[in-house]
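Visitor: So the sequence lines, in the order shown, correspond to chains W and C. Numbers 1 to 288, taken from the numbering used here, label the letters of the first sequence in order. Numbers 1 to 257, taken from the numbering used here, label the letters of the second sequence in order.
Wrong hints could be hidden among the right ones.
[Unchecked claim] Here are a few chain W residues that sit away from chain C, every Cβ distance over 10 angstroms (derived from the structure): (1) D5; (2) T8; (3) A22; (4) R31; (5) G72; (6) Q96; (7) E144; (8) S198; (9) R200; (10) D213; (11) L214; (12) A269.
[To be verified] Partial list, computed: chain C residues near chain W (C-beta under 7 angstroms): (13) V4; (14) A19; (15) N23; (16) N26; (17) D29; (18) H33; (19) E36; (20) S176; (21) A177; (22) V191; (23) H213.
Hint data in this document are derived by calculation from the structure and do not stem from the laboratory. This one's a predicted model, so the numbers in the text were calculated from it and none came from an experiment. Glycine is no exception: its CB is placed at the ideal position from the N, C-alpha and C atoms.
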Amino acid sequence: MSGADSLTIDGLSIAYGDGPTAVSDICLRVRRGEIVGVIGESGSGKSSVALAALGLLPDSARIDSQQMLINGVEVSDFSETQWAAVRGVEASMVFQEPMSALNPCMRIGAQIEEVLHIHGLADKRTAKARALEMLRLVQMPDPERRLRYYPHQLSGGQRQRVVIAIAMAANPSLLVADEPTTALDVTVQAEILDLIRSLRSETNMGVLFISHDLGVIGQLCDRVYVMYRGRVVESGTTSEVLGSPRHPYTQALLESIPRPSVTVRAPLAVIPADNRFADSPIYLEEAS
Amino acid sequence: MSDVLLNVRGVTQQFGHGARLFNALNDVDLAVHRGETVGLVGESGCGKSTLARAILLMRKPTSGAIEFDGEDVTGLRGSALRRHRRRVQMVFQDPNDSLDPRYSVGRSIAEPLAAAGIGGEERRRRVREAIDQVGLPQDSATRYSHELSGGQRQRVAIARAMAVRPEFVVLDEPTSALDVSVQAQVLNLLVDIQRDTGVTYLFISHNLSVVHHLAHRVVVMQAGKVVEEGTGEQIMTAPEHPYTRTLINSMPQLYRT
């Protein structure tokens, strides 16, 4: 395993069609074995960044970046064919809704094997063994039997475990997870967050974790980037950013959440709809 | 606040037959006092939405009774049921599902008023009032839901529920589909409306922090049963039932301590 960073993004800007810039001048880095959070509200551009990291933006997107490296390889100018060799191998993605990420008519064992077949990484027998190994890795109960299950026979949390198993099958250096626990119950969410944490330690991959949930980000991530209207407005270690936020937007976001320290039924802070935080100074702390 | 507005008594709801018989609600008791907010917390499949449907008389329970304002309303039909429906309203999680995209905001809000037999100038006045009450500009009445943001749509759904001046509103995950900053606006709005009108809320949510913030009392459900009940403070700081403790321990903490 090489020592290069899992992901380096430098000066990424994205616009859709003739529209205004959706994301502007993002610099972001995910080291090996690091879980990095991107937090933001709807329309902040966080999902665009996630999609860009896997070359998944639609054709209408105009992308401009100075540098984008996955595991040390420059991918900015990759063609679709080149991306196809990266996705699922060097970098994988986990989405919010596991049911739409899985093939409903295919046994889950075969879906894990498929990744290895497509990329020519294993023969039939090795792939079968690897599928079982992956289900064990994602702590699926009774993995031998579950290999033959279809997605509808699994619970929501188990389905997300399968999606993670597929993403991890080729041992990628980067996992991008876009709201992977948002559709799950809190107790199941806690299990999946534990799983991501333990996979990170076992495999030393870097994780880019996209979420709107400050609590989830706070619990899981080593470092965090806060996005607002297409820009990173603050970044740093999770305890710095969430514990003593310096940017007014981050402060307002934290104060808008109901939490035990707020008087019950007292008004919560409201983030105004105008653009005021975009005009305020942006303290971008590039983490060392 | 000893005036019980809603009293759910021993409600059981069964689905399926024979070996596949399943109790979605198992002998549930729940009393909600006039003017208070009761938070109902639980995970998918615990029966919280089934209970909401029973309370709204959308499905007759297998056994048990729903009492409203001292009267057994479980078997109400016809005009008596229609009269009851003015007093009890509902706000759903996703305003995109509860608002008709072909209706203007004004028409969406007017619809339940028409169903309650309110017409003419009175109806128009109530629509204007409801729009004011939820903090939308009056010119929103001519807009369509696709022209609005998610938070504005949820305000319309709340205006629609409030227009008939209900005494009791069931709020089923009303902020779960919203951004946190928009959630804050909607929660503030719900508190304001309750202060101004004295309406009673049953607030259903999977989010304990939100429930704790809004509710005077919290009820925890698991597998069709009420497992614990108390003030938000009691539930959060001294949970007694192991399931409540699991829920609290699963809540993401803002930053690791």
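Visitor: Against each hint, give a clear statement of whether it holds in the structure.
Guide: Evaluated hints:
1. D5: holds (24 angstroms)
2. T8: Since the minimum Cβ distance to chain C is about 26 angstroms, T8 of chain W lies beyond 10 angstroms and the statement holds.
3. A22: A22 of chain W is indeed farther than 10 angstroms from all Cβ atoms of chain C, at 17 angstroms.
4. R31: Holds, since 19 angstroms exceeds 10 angstroms.
5. G72: Per Cβ check, G72 of chain W is outside 10 angstroms of chain C; nearest 30 angstroms; holds.
6. Q96: holds (13 angstroms)
7. E144: The claim stands: E144 of chain W keeps its Cβ more than 10 angstroms from every Cβ of chain C (closest is about 27 angstroms).
8. S198: Holds, since 16 angstroms exceeds 10 angstroms.
9. R200: holds (15 angstroms)
10. D213: Check fails; 7 angstroms does not lie beyond 10 angstroms.
11. L214: violated (6 angstroms)
12. A269: Violated: least Cβ distance 6 angstroms, not greater than 10 angstroms.
13. V4: violated (21 angstroms)
14. A19: Since the shortest Cβ distance to chain W is 19 angstroms, the answer is violated.
15. N23: Violated. Min distance 20 angstroms.
16. N26: Hint on N26 of chain C: violated, closest Cβ of chain W at ~20 angstroms, above 7 angstroms.
17. D29: violated (24 angstroms)
18. H33: violated (16 angstroms)
19. E36: Violated: closest Cβ of chain W sits about 11 angstroms from E36 of chain C, beyond 7 angstroms.
20. S176: The hint is violated - S176 of chain C has no Cβ within 7 angstroms of chain W, the shortest such distance being about 10 angstroms.
21. A177: violated (10 angstroms)
22. V191: Constraint on V191 of chain C satisfied, holds at 5 angstroms.
23. H213: holds (3 angstroms)
The structure does not agree with the numbered hints 10, 11, 12, 13, 14, 15, 16, 17, 18, 19, 20, 21 stated previously, though it agrees with the rest.
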